[in-house]
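The task is simple: from the sequences and hints, build the whole structure.
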Amino acid sequence: MGLSTRHLLGIKDLNVADLQLIFETADNFKSVLNRPIKKVPSLRDVTIANIFFENSTRTRLSFELAEKRLSADVVNFAASSSSVSKGETLIDTVNNILAMKVDMVVMRHPYAGAGVFLSKHVKAQIVNAGDGAHEHPTQALLDAFSIREQYGDVAGKKVVIVGDILHSRVALSNILCLKMLGAEVMVCGPTTLIPKYIKELGVIVEHDLRKALNWCDVANMLRIQLERQDIKYFPSIREYTMLYGLTKPILDSLDKKITIMHPGPINRGVEISSDVADGEHSIILDQVENGVAIRMAVLFLLAGQTG
Amino acid sequence: MLDPTLLDGQKFQITIQRLCRQLIENHNDFSQSAIIGIQPRGIYLARRIAEELRNIIPGQTILQGDLDITFYRDDFRRREQLTPNQTKIDFIIEGKKVILMDDVLWTGRTVRSAMDALMAFGRPEKVEFLTLVDRRYSRHIPITADYTGIEVDSIASQKVVVSWKETDGEDKVVLLSDKN
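Residue numbers (UniProt numbering), protein chains in the order written: chain A, 1 to 307; chain B, 1 to 180.
FYI, nobody ran anything at the bench for these hints, they're computed from the structure.
Think of the CB as a built atom: it goes at the ideal place given N, C-alpha and C, for glycine as much as any other residue.
Stretches of chain B that chain A covers, calculated by requiring three or more beta carbons in the stretch to come under 8 Å of a beta carbon on chain A: (1) 60–72; (2) 77–84; (3) 120–126.
Next comes the structure, spelled out in structure tokens:
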């Protein structure tokens, strides 16, 4: 039994069996990562190119580490220091890389659908590491995996995603993934940052942070993506923080304990205060640790199909 | 037609007992030894041997674990999708005398992968291999068992299936041909 898809372009291409298979495989890789020798030889005959047309620290590092732990050969490519700035097209760039016998491509791109486009034009298997404001499947998988680890199961859990839903690929992938696993999902933020048709995905919309927190088991705090905001969506960062920033006093005023998540990078003092981000309810660093195991699982399962 | 059963009933029990006695003869004190079964089918043999050893030499702690070799196999990407099983080794193997166990020894490739997988946990003092059924003359790599239950001469199209009381209802080893 393998994955139902040859590429990982988005959560919407996966089914529940795929998610369970990825989680179970990631469980095994998590135990590998706790061994004295944290490396397995599975992908020793596979070459993977990490192609990043957009900045990234965590995701790129996490993918690279996952690839190296699987013994794959890795080449890294950052658009800022490449011929892309000389006018080369995406397909030409990637085909040139593939001519060097690369089997898989992990790509981040500022345009939605870049991964899908590429998968139709090149032979290699594509893993989407974020395409514009569309999807970021491995982030959603590691978030769901972290919730599963915390509570034993994702089904029936109440998860609120707070912040810039409009520009967030993490939000969309998370909503699709959590709903598929049977969780209840709420989005919370200023009206201007919540897409008009988001309810069609079966999520609850709430504009009051306190109400949202009282409802949920898990709060996933998102960063305000100023780089994607071409107009002003709210009067000031200060006002946003006052209405939607998660602080210790708010957390303490709730009548229950909730789990705090954040996909990173954190803007401390904006969407989340330092004492909450580093507090006992935060599983932010567990998310990062799980990210490597999830990415190993995805790469392992995809690579296993080409045999 | 020949009876396909190679081992069952009392004979099966005697074979397990003999393997245990041979282990005791070589290891004596099991405080520095560990029994590790190879997933998926070797774990039942390892559990049975550990249980019998505890009966024969009560009071001794017998360390026993399960080892999954999926990520170390040499046929990944060369056959259908492999899905991993659980590895459960709750003790330090560094400096221990490890006895790897699998129900059937055939090509030897599984044992090679298992040795690779084992080394990721540390450096054992010694590694031995115990198998219930040795399918002779079919090795792809130079590997021999230190302890063998029974030896079988078989051809590639045949299959040796080991059943266990705990999971399959009875202890039995059968040799299946295409016909049956």
